Amino acid sequence: MEYVLKTNALCKQYKNFKALNGLTMNVPKGSIYGFVGRNGAGKTTLIRIICGLQFATQGGFELYGQSGENINEARRRVGAVVETPSIFPEMTAEENLKHQFRIIGVPSFEKVKDLLELVGLSDTGKKKAKDFSLGMRQRLGIAIALCGDPDFLILDEPINGLDPQGIIEVRELILKLNRERNITVLISSHILDELSKLATHYGFIDKGTLVREMSAQELNDACRKCVTLNVSDTGAAAKALEKLGYAADMTYKIYNDGRIDVFAQPNITQLVHALDEEDCELITVKEHDETLEGFFISLVGGDSHD
Numbered sequence: 021m022e023y024v025l026k027t028n029a030l031c032k033q034y035k036n037f038k039a040l041n042g043l044t045m046n047v048p049k050g051s052i053y054g055f056v057g058r059n060g061a062g063k064t065t066l067i068r069i070i071c072g073l074q075f076a077t078q079g080g081f082e083l084y085g086q087s088g089e090n091i092n093e094a095r096r097r098v099g100a101v102v103e104t105p106s107i108f109p110e111m112t113a114e115e116n117l118k119h120q121f122r123i124i125g126v127p128s129f130e131k132v133k134d135l136l137e138l139v140g141l142s143d144t145g146k147k148k149a150k151d152f153s154l155g156m157r158q159r160l161g162i163a164i165a166l167c168g169d170p171d172f173l174i175l176d177e178p179i180n181g182l183d184p185q186g187i188i189e190v191r192e193l194i195l196k197l198n199r200e201r202n203i204t205v206l207i208s209s210h211i212l213d214e215l216s217k218l219a220t221h222y223g224f225i226d227k228g229t230l231v232r233e234m235s236a237q238e239l240n241d242a243c244r245k246c247v248t249l250n251v252s253d254t255g256a257a258a259k260a261l262e263k264l265g266y267a268a269d270m271t272y273k274i275y276n277d278g279r280i281d282v283f284a285q286p287n288i289t290q291l292v293h294a295l296d297e298e299d300c301e302l303i304t305v306k307e308h309d310e311t312l313e314g315f316f317i318s319l320v321g322g323d324s325h326d
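Just add 20 to the spot in the sequence shown (first one is 1) and you have the numbering used here.
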């Protein structure tokens, strides 16, 4: 698998506080990577290091396979909105984009119209950015980040504080950039429910350490509704389940400790009868339906890091 970003045991120390503690993560090319953690977990610190706004105390990272002295060349392929959008409130959306083109040395403004249309701000005219809604400002910030035509976009809490309509607009924009322009997106957030509508991959950070990295499919499997059976003989139980029409690895999963997770709602009477025919005893039955937030809490524990 090809990776846009790879970090290796990154550390960032501020006097007596370690914001990053040996963080190792991998962002696949073409993915929407949900970088999940509570406030103060180290998300923004990592983003600032990747963007060159801070330096790591230890460890390293690669962008498109480049590191060390070549990292600045690779950063030209990166666009970012860190903490708050970098916009000038007294300027219009068009003026903000033209100003950004001047900063990065692009001599022509021919892409301004297309960018405004892309982010849904083509009809804002002479309206100044200070009069935009929070969602409009966020989309303008993304447009500014796209001025350098990046293929890796980093967004720090892009939906924080937005109303429902603003969240939908930003979500649809991110999906469009990923699917139509093949832009890899790293989104830091603590709002798992919204990330689940976007992300193809996840990294969970706690106290500056990546505690788990997984695909969206793996997360869905971990959180989907199931019935957990404890049985006397898993092999016999597998035969019983297959007779009832359940397929191995698709609708049930066997563990070494006598557990079987059935990702359905089986008829318990039929199940007990089928198990009995295979001389298998059903010891316990328990329903399991973990939410995304519950999974996150199970990874990082319940204390607050704010």
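Mixed in with the good hints there might be a few duds.
Computed list of lysine-lysine pairs in DSS-like fashion (alpha-carbon distance at most 30 Å, straight line) [as the list claims (entries may be wrong)]: (1) K148 <-> K196; (2) K131 <-> K118; (3) K227 <-> K26.
Label-pair restraints from in silico Cβ distances [stated by the list, open to error]: (4) Q237 <-> E200: 21 to 27 Å; (5) K49 <-> N240: 20 to 26 Å; (6) L154 <-> N202: 47 to 53 Å; (7) M234 <-> G60: 29 to 35 Å; (8) L195 <-> G60: 40 to 46 Å; (9) I317 <-> L195: 49 to 55 Å; (10) S318 <-> G60: 17 to 23 Å.
In short, the hints are calculated from the structure, not lab data.
Since the structure is predicted, the reported quantities are computational estimates derived from the model, not experimental observations.
Cβ coordinates follow ideal geometry from the N, Cα and C atoms, glycine included.
For the pair I317 and L195, does the Cβ-Cβ distance stay inside 49 to 55 Å? violated, 27 Å
Would the pair K227 and K26 pass a check requiring their Cα atoms to be no farther apart than 30 Å? Holds: K227 and K26 sit about 19 Å apart, inside 30 Å.
Please test the hint of 29 to 35 Å on the beta carbon pair from M234 and G60. violated, 23 Å
So the hint says 20 to 26 Å: do the beta-carbon atoms of K49 and N240 match that? holds, 22 Å
Cβ separation of L195 and G60, checked against the hinted range 40 to 46 Å: Cβ of L195 to Cβ of G60: about 29 Å, so the range 40 to 46 Å is violated.
Please check whether L154 and N202 have a Cβ separation lying inside 47 to 53 Å. Since the Cβ atoms of L154 and N202 sit about 28 Å apart, the hinted range of 47 to 53 Å is violated.
For the pair we were handed, K148 and K196, check the Cα-Cα distance against 30 Å. Distance of about 26 Å is within 30 Å: holds.
Would you check the hint for K131 and K118, treating anything up to 30 Å between C-alpha atoms as holding? Holds, at about 9 Å.
For the pair S318 and G60, does the Cβ-Cβ distance stay inside 17 to 23 Å? Holds, at about 20 Å.
Beta-carbon spacing of Q237 to E200 - inside the hinted bounds 21 to 27 Å or not: holds, 23 Å
Taken one by one, the earlier hints fail for this structure at numbers 6, 7, 8, 9, listed in ascending order.
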